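Enquirer: Chain residues, written in single-letter form:
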Amino acid sequence: MAELIRIKRGLDIKLKGKAGQIFGKAEPATLFSIRPDDFQGIKPKVVVKDGDVVKAGTVIFQDKANPEMKFVSPVSGTVLEVKRGDRRKVLNISIQSDGAYASEPFKKVDPSTLSAADVKSLMLASGFWPFIKQRPYDIVADPNVAPKAIFISGFDTAPLAPEYDYILEGKLEEFQLGVNALAKLTTGKVHIGINIENASKVYKGTKGVELHEFEGPHPTGNVGVQIHHVDPINKGEVVWCINPQDVVTIGTAFKKGAYDFSKIIILSGSCVKKPAYYRTTYFAQLSNILADNVENPANARFISGNVLTGMQIAPDGFLGAYDSQVTVIPEGKQSEFLGWIMPRLNKFSVNRSYFSWLLGGSKEYVLDTNINGGERAFIMSGEYDRVFPMDILPEFLVKAIIAKDIDKMEQLGIYEVAPEDFALCEFVCSSKIETQRIVREGLDFLRKEMA
Amino acid sequence: MKALRNFLDKVKPNFEEGGKLAMFRSVFDGFETFLFVPGTTAKHGTHIHDCIDSKRVMSMVVIALIPALLFGIYNVGYQHYLVTGQDTTDFCGMAVFGLAAVLPKIVVSYLVGLGIEFIVAQWKREEIQEGFLVSGLLIPMIVPVNCPLWMLAVATAFAVIFAKEVFGGTGMNIFNVALITRAFLFFSYPTAMSGDAVWIATDPILGIGGDAAVVDGMTGATALGQVAVAESGLATVTDAMGNTLSTMDMFIGLIPGSIGETSKLAILIGAVILLLSGIASWKTMFSVFVGGAVVGYIFNSVGATPITWYEHILLGGFCFGAVFMATDPVTSARTECGKYVFGFLVGAVAIVIRVLNPGFPEGMMLAILLMNLFAPLIDNLVVQANINRRLKRANKVK
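Same order as they appear, the protein sequences are chains A and D. Just so we're aligned: the first sequence equals residues 1 to 451 in this note's numbering. Just so we're aligned: the second sequence equals residues 1 to 398 in this note's numbering.
So here's chain D without its partners, still in its complex pose (with noise of 0.2 Å):
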């Protein structure tokens, strides 16, 4: 470590101001504060620090999905066995066409998202952030596996630089970078985000995966897509090969679906570590599935949709969205008390937008997105009543 910190102290004079290198001064910044915590002390104010800081915060984020996209990975080498009727007992087959599959996409993700953050900031002359290190891994596990590449690239580059950097960079974002990046790839190429042919990966992929066709009586709706095109009175949903789901099957998630949100599991496991180490509110997340309960319960009660309430939770991508998206601290309410009436309507109106729209099987993307927009109402009303009670406080002086 020695030896690296000497070289980076030696290269370092040709990246600051006026040397050979200066233009790449922040991306050098950027390296060397990643490899290396600043030996920077505390000039004014408290002389110690709490040693959490943004990059920690973020890549416990990126720990906690790393369950969800390592089954995410699997789970697209699954399907691709099982609608080629292929060996689904092998293991390290259908891993690595999972990985042939998704790989490139945190590839493609990172490369623009990233390049455009080191751009931006050469030009600011700021530090570059961290916070595109999450939206980086989330933006490739909530699109379906047969996206193409180029359209990633564009909605990512689209989204990085209208959705956050226009806004200030890491921290001033309105909207959740990676759901806008979603949201663009779905109302611009809604072809090749929704529908039956999206969702499982059926061609092979550079040769591997093999070149068996896909079996006869094959359909490559995801659950939710089913109860969304069914005639009324559907109570069961199937997955690729026509066989009942079960709530189990739900919950451990060999299901199509966009790449990381299918396992309820994985997720589980990514909540846990958001959880316990605090970085994601409990407040939110609870309060999504209060909501969505809430809401699922009645409209299923009332006939209006013919899955249960839990059902609705574990199917799509509420669970992800739960614990990965709406838990955003920038994009979400700020205040405590907001916290809890963010996330349950979160819920709610993702359950809303799936029940009460049939052109669009799942809602939360909008869901979240619908409320990060109002999450600012939100807080200022909680921040108004606190102004209230001072007022109040005043007056009673008086």
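So here's chain A without its partners, still in its complex pose (with noise of 0.2 Å):
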């Protein structure tokens, strides 16, 4: 194994809700619904109709440009509605569950005993393809270039983020299925970033993979700040990433020669009744889970994903295609006199101005939406440098892509980075700059710009 490689810089937000290792229960979910939003950097063109029967693993739509990647449906019943928006732009697909399971058929084989190409197109067919994310860009991985490597971050350091040790437990022999098959797609490493403070077993036992070690703060199980210190990305280059559950699920269809869209999920936040994990599926309908379970939902914010990176939906909303979390906190909308003098101790802040420096840092703090002020220019300087532990300089790159200045963009290091790098520096902003959509229209700019 290669040597511990420490991150200093960085932010761990403690918030209350936090789940310990226990499983709740609920019913499992009858609806799903697939957002091809979810899938940055695709057009989904849809191949059923409503009515149509559909078994998990059954294409539901695929891309324009490269249709011979699919995206299929997580279990078997009826296509419910084709939704779509203005411009006849797809919204979402959403599926009725006849609580089946019934599965098409999948090659049950040891993906390590077959050629690349097979790998590839078996992948690209199966519909697990979009599952890998590539950076530059992060969107769904272009099948027509090859990456240098492949990372999985083992661990997520998030805010109230679900342990994968206790996610995988027992999932060894499927995530090495998974990882052989990834091995297929790279004439590079696959490398796994492992907390230096969880057992990692699983990762431990996997063979054909090269190990990282990492200790610090969120964001260090940011795939992006993993890769920037192992092997970072130059122009040219592409560096494809995935999340560990979702090899799992690739290994899993491998091993049972069937699909299964089966997932494990955390609930947690401050207005989350009983925080735990949970077993449900992919796209699956999260109101059995939410039911009776979240304390003033009229007041709440319901996220698929951490609080920082998270997408809000509605109290009967879906996961997320890449989420393992979902979370829950209060709104934020009355209004507070005199908030920006006030001592504010139930509130947390990086700035010493306020005293959540002297309360230690174990306190668990409740966090509202509000965005606590206006926005602003840049005013402050240094805050962003202080959270974001890359060898970049996060505060210039923005404002090179405000400017939409592709050359800067470029020299400063945009193909290493996501919009999730720059949730913290959003988050601690004084100036309240909505960093991570800026990042994104960057991204979306140059890959139309480079295309």
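Just so you know, the hints here were simulated from the structure itself, not pulled from any lab data. Fair warning: this is a prediction, and the values are worked out from it, not measured in the lab. Each residue gets a CB set at the ideal place from its N, CA and C atoms; glycine is no exception. Careful: at least some of the hints might be erroneous.
Stated by the list, open to error - Calculated Cβ distances over 10 Å to all of chain D for the following chain A residues:
#1 Ile5
#2 Arg6
#3 Val46
#4 Val79
#5 Ile139
#6 Glu173
#7 Glu197
#8 Ala276
#9 Leu446
What the hints assert, rightly or not - Calculated cross-link-like contacts (lysine-lysine; reagent style DSSO-like; alpha-carbon spacing at most 27 Å):
#10 D:Lys10 x A:Lys333
#11 A:Lys235 x D:Lys396
#12 A:Lys333 x D:Lys43
#13 D:Lys43 x A:Lys89
#14 A:Lys399 x D:Lys43
Two chains, two frames, some hints: make the complex.
Expert: Next up, the structure:
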């Protein structure tokens, strides 16, 4: 194993509502919804109609640019509705489960015995491909470009994040099969970043991968930070990344010879009555898990994902494509009298003009969705650098993006970053600048210009 | 508070687009967000936000300025009582006189500056921003007590319009707004900004301060003014009554000078507030002192200046500039390495101006303004170094 990589800059935001290692019980979901927008960089061409009968693994839509890239149904049942918005843009495709979990056939084989081309076409046709993301641009991996390496972040350091050690318990065989498939897709290495504090039993038992030990606060668990410290992306290079749970899902299909889109998620946040892990399915409606489990639901923010990068969903919303976490926190619509000068002992700040730095690092906070101020131009300097553990100047990169200066974006390292890497910058920003949105737009702009 | 909130909610429609008072929308908005942190919630991106905002940042700077301001008010009274031969133990009398001299300047500075900001915000349909809360307090603190109010008003208007609003408002300016005000005064009305007669209020204000005449032997020059005109070899500086100043006197600050700059003790309290709260960069502040000390020591040891390096730091506006003006994040270097360079050069240039140019007894203002101009260049070098590292990494792979 390579030597330990210590990350110094960053921030662990301690929130109330952490889930212990227990499973909650909930009725299985019956409604499923796939949002094509979850998959960055693709244009959906829907191949089913309302009322079609589907099985787990039946193709629902495909990418217009790469028609061999399929997106499949997570369960068996009927297509309820292909919902379209303005200019017939596909908003979501909802599927009513029949409860049988019947599956399309899948090849029961160890992918390491297959040729690279076979694995690639199998992954594309099976609907597993979209779970592989690429950098640069933070989009679904382009199958026409060979990556120099594949990265898996084996842990998540975001607030209230799940512990993958716990989720992956006993899944070594599936994980190994998934890794074998991924290994066929690159001539480079498959890297896994592991946390020194975790046991990482599954990762340590996996063959054919290179492990890298990390130590440090969030965003150490972000795959972008790990790539930067292990094998940074230079202009012209492509790296793929994938979430460990998706690796297991791929491996499970190879092991069983059938699709199994079940997934373990963590439900946490200060508004959740009983924070716990739950067994559910990709794209599942979450109401069975959330029902009667949320305090004051009328004044709660439901998030698929974590509080920094997740997506707001309705109380009866659906799990996002890449998410293993659902968070519920209070909304913050109330205005606060002279709040900016108050001591605000119950609020969290990295700025020492508040007192969270005196109250100790273990205090857990209930944070709401209030922005706590108005948007301004950049005023304070150095705020971003303290939470951005890469050799990149975040403020200058964001400014280059705002100015749409392509040369500067490239020079300042935009190929290495994804919006999620800027989430902490956005959190600490005293000018309340939406850095994640800016970076997303910058990546999309650059991709269009470079095409 | 509930009643106030309800009142605001009730009158709010009048100020919205099409309402009777829509022309004051920005003003209403400004006061509303001042009184109540708005209930705006995150729509994109992170769902939670740090509770720091620029109002908090600015108000911390204002708080940090208050010790120096209060001392400045007292010192204005003290100097007046001293040179008119009155009883300098009359604390209240001196404080009232100081207040009568300083308060109108604060009011004028805020009225003119905020007035312009309100008009521009309304015109551009933007929210009123709080940047001027700091500038508006800095301005009266860095002028001599005898600066006429109309000059202050003209200079403030000039600075807010031409140093700030034309660049796009708070956060966009290249030069420190308060220092542009001072520079405008300095070059437009030199007689009101330098010399021996401007630093001590000798006349009563609105009948306050008694009508005693100035005593004989009074000299109104600042310590640095004395150094600048001195024959070589002068090693001691004196207060208004001709008494030699000790290092302690310079530190405590009952000496002539711009209103807020004299007391190093009060500035030190402000510096502690700024550094503890992390609002000001210790890198910038520390480097200014290092730069001043190093250059002061060199000049003193070659005999170019009669006072020691620590006297250079204690006298004049060096400390005030280092703590409150060089650390302005908008106009100083924004990269972490750049802050060391920026700070060092501010300190160094300030002493160079003081020593090598007898026309300018004080160099801090010009040093900071000059370095404001070079801050983007310093940042650019740091950014370029980062770019080169990345290029080198890419080439190594090839």
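Enquirer: Are any of the numbered hints broken by this structure? If so, which, sorted upward?
Expert: Checked against the structure, no hint fails, so every one of them is satisfied.
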